[in-house]
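Read top to bottom, the protein sequences are chains A and B.
Sequential numbering of the first sequence, starting at 1, is according to our numbering.
Sequential numbering of the second sequence, starting at 1001, is according to our numbering.
Just to be clear, a hint being listed does not mean it is correct.
[To be verified] EDC-like cross-link-like pairs, simulated, lysine to aspartate or glutamate; straight-line CA separation at most 16 angstroms:
(1) B:K1187 <-> B:E1204
(2) B:K1181 <-> B:E1204
(3) B:K1097 <-> A:D76
(4) B:K1097 <-> A:D28
(5) B:K1211 <-> B:E1182
(6) B:K1181 <-> B:D1216
(7) B:K1220 <-> A:D61
(8) B:K1220 <-> A:E51
(9) B:K1060 <-> B:E1045
(10) A:K52 <-> B:D1301
(11) B:K1060 <-> B:E1006
(12) B:K1097 <-> A:D29
[Unchecked claim] Partial chain B-side listing against chain A, Cβ under 7 angstroms, derived:
(13) W1098
(14) Q1172
(15) F1223
(16) S1226
(17) R1298
(18) P1305
(19) F1308
(20) R1378
Treat the hints as calculated values from the structure; they're not laboratory data.
Backbone N, C-alpha and C fix where the C-beta goes; we use that ideal spot for every residue, glycine too.
One-letter residues, chain by chain:
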Amino acid sequence: MSADQNAKVKQALRQFILNSVNVSDLKDDDNLFESGIVNSLFAVQLLTFIEKTFRIEVGVDDLAIDNFKSLNAATDFVLRQNGLLG
Amino acid sequence: MQLTAEQAARYQEFKAFANDHIEPFAAEWDRDQQLSDGMIAALAERGYLGCILPQECGGKGWDTVTHGLLVEALGRASSSAALFLTVQTMVTTTLLKWGTADQKSKWLRPLATGKMLGAFAITEPGAGSATGSLTTEFTRGSGDQLILNGTKKWISCAQTAGVFLVFGKLQQQPLACLVPKEASGLKIEPIADLIGFRAGGLAEVHFNNVKIPAADVIGKPGFALSHVAPVGLHYGRICTACSGLGLSRACFEESISYASTRRIGDTTVGENGMIRSLIARMGTDLEAGTLLCRDACRAADEHSPEAFEKALMAKYFTSTAAVKAASDAVQIRGASGVHGSAAVSRYYRDAKILEIIEGTTQIHEQLLGKMFVNQANRLRS
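Full structure from sequences and hints, please.
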């Protein structure tokens, strides 16, 4: 896994999340869904962003909260889907 | 946003279809509270019911813009007719995204070709806007079977549906599944006497110990409301936005035709400044609604995350504009506008429903207001 790729993916996701929620700071392990900072559409918006930006198809088998619950989780999911995470 | 030549040609096709097959009968369907089987068959025969699905699933592979034009054309003639395409699209797009290969193979083609009609069963007597409060319950049966109990209400097209996409909870985890109409323990009670969308086939659906094979679960437990339902609801919003646009267009065309011909003394109604004021807003709202709908459809085609808020804006705008347009269309016609024989009287009743289905106006304001405030971060960066 390239540290640079990890950073790029994380930064893109961070920017998307910060554009969607009204928080001044986002920690990598903040639980997006339990914190109450996201609305009811955020889950599917995040999924769409991931699919479009990283050219990944999120399917039924990928439906696991651990794949999307935080910035770190979403980053790892993207890298894993692209074969970049061992 | 300009339509492509193909989209524009299809729009003409859709308007011609609506003029021939829907508009002449819309008042009768409204009065009888039922669409004709022939109309649904005509939609199916032309592939309209599955037009947005890929060809390999039995659809036409049309883009969302084209699909939106079709809904608009249908909605211009009859809100109830547009509703059938809306609901079919909600069910099929959800299945397209989250169905397994076996589920798609079993269900998508009959839905795409119109051999089967679907219904999106989420609302309950005690849960409309608050989908988190669903009480429809799944419990474990023998093997990997589930048992379904509960009641859904205000379910559009339920009277004619052959399959229901049902949302409930399994041990507090939201779950979705497909339930065929013939399932033992399923009972449909038609709902009559709505003020609008009277031929929309609404019903209350009761589930009494209905057995659900694991193979009919859509998605996974816990994700039905966060990931599964939003796909269908998103297309439901787009369709309702386009249907409302069609209704506004009908009001506008009716109003300018009447205003330009109805005489008051030696002048026409349309030369009256107060009538021109109503028509100015109606026409401008129509243009604005058109732009919002096209943009929402285009964003859906581009698989853009912004598509969801664009659909919210389009639905919010066209539904509230349709209520105003229909009210003004009746007003412009005066006494003749409040008689049942006037199409505008039906538009007036149908328009109100648009502010309630697929998310009320107030829910839209809540979601959009929060989204816009949350965008403050973009200004700071």
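Verification of the hints:
no., hint, result
1, B:K1187 <-> B:E1204, "holds (8 angstroms)"
2, B:K1181 <-> B:E1204, "holds (13 angstroms)"
3, B:K1097 <-> A:D76, "violated (23 angstroms)"
4, B:K1097 <-> A:D28, "violated (29 angstroms)"
5, B:K1211 <-> B:E1182, "holds (11 angstroms)"
6, B:K1181 <-> B:D1216, "holds (13 angstroms)"
7, B:K1220 <-> A:D61, "holds (8 angstroms)"
8, B:K1220 <-> A:E51, "violated (19 angstroms)"
9, B:K1060 <-> B:E1045, "holds (12 angstroms)"
10, A:K52 <-> B:D1301, "holds (11 angstroms)"
11, B:K1060 <-> B:E1006, "holds (14 angstroms)"
12, B:K1097 <-> A:D29, "violated (28 angstroms)"
13, W1098, "holds (6 angstroms)"
14, Q1172, "violated (14 angstroms)"
15, F1223, "holds (5 angstroms)"
16, S1226, "holds (4 angstroms)"
17, R1298, "violated (14 angstroms)"
18, P1305, "holds (4 angstroms)"
19, F1308, "holds (5 angstroms)"
20, R1378, "holds (6 angstroms)"
When each numbered hint is compared with the structure, violations occur for hints 3, 4, 8, 12, 14, 17.
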